[in-house]
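Engineer: Each chain, written out:
There are 2 protein chains.
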Amino acid sequence: MKKIYMDHAATTPTHPEVVKAMLPYFSERYGNPSSIYQAGAEVRAALEEARSKVAAALGADPGEIVFTSGGTEADNFAIKGVAFRLREERDHIITTAVEHHAVLEACRYLEKCGFKVTVLPVDGYGMVDPDEVRKAITSRTALVAVMHANNEIGTVMPIEEISRVTREAGVYLHVDAVQTAGALDVKVDKLGADLLAVSAHKLYGPKGVGCLYVRRGVKMHPLIHGGAQEGKRRAGTENAPGIVGFGRAMELAAAEREERTAQLLRLRDKLIAGVLERIPEAVLNGHPTRRLPNNAHFRFRYIEGESVCLNLDFLGVAASTGSACSSESLEPSHVLLALGIPHEEAHGSVRFTLGRENTDEDVDFLLEELPGIVAKLRSMSPLYRG
Amino acid sequence: MKKIYMDHAATTPTHPEVVKAMLPYFSERYGNPSSIYQAGAEVRAALEEARSKVAAALGADPGEIVFTSGGTEADNFAIKGVAFRLREERDHIITTAVEHHAVLEACRYLEKCGFKVTVLPVDGYGMVDPDEVRKAITSRTALVAVMHANNEIGTVMPIEEISRVTREAGVYLHVDAVQTAGALDVKVDKLGADLLAVSAHKLYGPKGVGCLYVRRGVKMHPLIHGGAQEGKRRAGTENAPGIVGFGRAMELAAAEREERTAQLLRLRDKLIAGVLERIPEAVLNGHPTRRLPNNAHFRFRYIEGESVCLNLDFLGVAASTGSACSSESLEPSHVLLALGIPHEEAHGSVRFTLGRENTDEDVDFLLEELPGIVAKLRSMSPLYRG
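If you're matching them up, the sequences are chains D and B in order.
Taking the numbering used here, I'd label the letters of the first sequence as residues 2 to 387.
Taking the numbering used here, I'd label the letters of the second sequence as residues 2 to 387.
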């Protein structure tokens, strides 16, 4: 049975070139990059080269890149780091209802610690209104945290408009770019981000590494204290193989972006058109045009998205109902509920996120099998009177 | 030129068997372990197998192991997690003057946040007196943090005696076992630890992964909030290759411990005896017998340890003056100062930490070259009147 992986928003296979770049840093060039001798210095040089690659891809200075263990740590670092640092003067955080759990749970923790948190609503496509951001800002606001693109429905947020608001108000803007770095041309100045989180494993890099872009001058506390690594902003022996792999993955993403995007858009549009055409009462979730080039997220009335995924899994197709980070929860997605989609319809949602290995044949196979699966599940559904 | 690596306390080369175990989890078994489909489930199974291996090596239940990005995160998680959770009733932390920066800086941060921190002194060997711990505990004490063995001088702390004190007083004991896990037979019940930090890259596993043992029932906050991974105790997509490698490294360490330790003890004792015999005014730092089997730490009067290391580096020998985490600092080691060693003598210290690849020839080479290096540097030293 051919395996078809269509859950690239959850994670991606590490690019073979990335693994190749990482390999020497396990057992050959294994020195501690903070050590002064040659075996450390050569690894230090490789880290700094990776930092330059990541910085170049984001249009940042290398000194503004702080390597972390991934996107979730980067989000926690940004939000808690700024909040606790500015607490005395500013104890108010603004975010949106559709953020990743890494942002929402960090904010919820701050609330428990006595901070004030405003969670802004979104429209039916998952977009936040920059005017709502403006209205929510007070003299006590430290930080606005808005994701670049949503990990479930793929909607791309109007970050440039939001950053004009935060700049004017003199508050920091943190952008969770975990879904867009690598996929879109993410440039920190163009977006106007003061902080920006990236995860390597979402862009064909390894799991366990990512970074936080921290604009020069941003005041914040570390999340992880200890040694002087990362300019005293993130302690702990640097994950040298992971960081080298991350650098290579960012470089490859930039080099291959045009080609990757063209293919993804073509396959995604074919998938969306095919599903809407072949399956009755199927609806595309998220914005029709302002969406990630690889995201096709549907709701199928009367059935459970989970059952669709299990049936697809039997055929070798990996797709998901939403975020892997909350797959153990029985609650419907907070993102879909924030869009105003009723509980039972939210439960009928399935996300397909394409990647660089997907082909026309993959999409054809899915378009052939999916209508039958949905029809079969509906025939067993007490809700369906088709 | 043959390369001789003698800085295993800073980091170790990843064991080839560990790299082999990790490799499939980059590009083949790359599914997100939190995903419900087959490609996720097979990775989930590998993670749980690794968790069982780590737990078995520590004598813990798998459910008590929380994977982290390394030892520093584990220390921060333990100390801040307990402190912020118990803050209302107990806002006092006790630690020692010779802890790793990951512990000391986390405690310093807590102090800034309004906690009270007691830093206990140590004796001339770097040992803390369990009676001092007892006297320092108050009704407001939440946590005592003491390392198992010191990363610079190798002294092994009397953890079992200390845990009798903390148990009796009803306060938590956190043990930084970064230098001992893998090297000694670290068992959480025997030690009496409530929390215990381990780093994979110190025991021939990969950089960027480690764990915190959390005894069932210990009350604490997460350090990194977000998805429901690690039983809601540590969010973020699991570093599957790293965790699998960590599990394999722990397994190998247990299987090879007897053999590794016998060889290390023999080489270490040969090195110590040889240096003390051949170099005048050389002193062994740390405890003569209660020390790590791979640690030989000397001070050479009248010269700089840094210069010794640079001269050794020219000959292909990697050794260090102390912790890699503070190598950028010009201050003498806080550990040596805590032992009562004067500034200028602390500056003359060099640490050799042996590993499984070191041989008799390596030690012979060092014993042949080191006396000449020390003599040469002394001949140039204004302090030396030899």
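No lab work stands behind these hints: they were computed from the structure.
Hints should not be assumed to be uniformly reliable.
As the list makes no split between identical chains, a pair holds if one copy fits it or if it spans any two.
To be verified - Result set (EDC-like, lysine to aspartate or glutamate): computed pairs, CA atoms no more than 16 Å apart in a straight line:
hint	residue 1	residue 2
1	4	29
2	271	305
3	377	305
4	220	358
5	3	29
6	4	43
7	220	89
8	377	161
9	233	161
10	3	358
Engineer: I want to check one pair: residue 3 and residue 358. Are their C-alpha atoms no more than 16 Å apart within a copy, between two copies, both, or neither?
Structural biologist: So residue 3 and residue 358 pass the 16 Å test inside one copy only (13 Å; across, 44 Å).
Engineer: Regarding residue 4 and residue 29, is the shortest C-alpha distance of 16 Å or less found within a copy, between copies, in both, or in neither?
Structural biologist: between (34 Å within a copy, 11 Å between copies)
Engineer: Is the C-alpha distance from residue 220 to residue 358 at most 16 Å within one copy, between copies, in both cases, or in neither?
Structural biologist: neither (41 Å within a copy, 45 Å between copies)
Engineer: Have a look at residue 233 and residue 161 and pick one of within, between, both or neither, based on CA distance no larger than 16 Å.
Structural biologist: neither (30 Å within a copy, 34 Å between copies)
Engineer: How would you classify residue 377 and residue 305 at a CA-CA limit of 16 Å: within, between, both, or neither?
Structural biologist: within (12 Å within a copy, 78 Å between copies)
Engineer: Between the shortest in-copy and the shortest cross-copy C-alpha distance, which are at most 16 Å for residue 3 and residue 29: within, between, both, or neither?
Structural biologist: between (36 Å within a copy, 14 Å between copies)
Engineer: I want to check one pair: residue 4 and residue 43. Are their C-alpha atoms no more than 16 Å apart within a copy, between two copies, both, or neither?
Structural biologist: between (40 Å within a copy, 14 Å between copies)
Engineer: Within a copy, between copies, both or neither: where do residue 271 and residue 305 come within 16 Å Cα-Cα?
Structural biologist: For residue 271 and residue 305, neither the intra-copy (24 Å) nor the inter-copy (69 Å) Cα distance is at most 16 Å.
Engineer: Should residue 220 paired with residue 89 be assigned to within, between, both, or neither, using CA atoms and 16 Å as the limit?
Structural biologist: within (13 Å within a copy, 28 Å between copies)
Engineer: Is the C-alpha distance from residue 377 to residue 161 at most 16 Å within one copy, between copies, in both cases, or in neither?
Structural biologist: neither (45 Å within a copy, 63 Å between copies)
Figure legend: structure checked against the earlier numbered hints; hints not met, in rising order: 2, 4, 8, 9.
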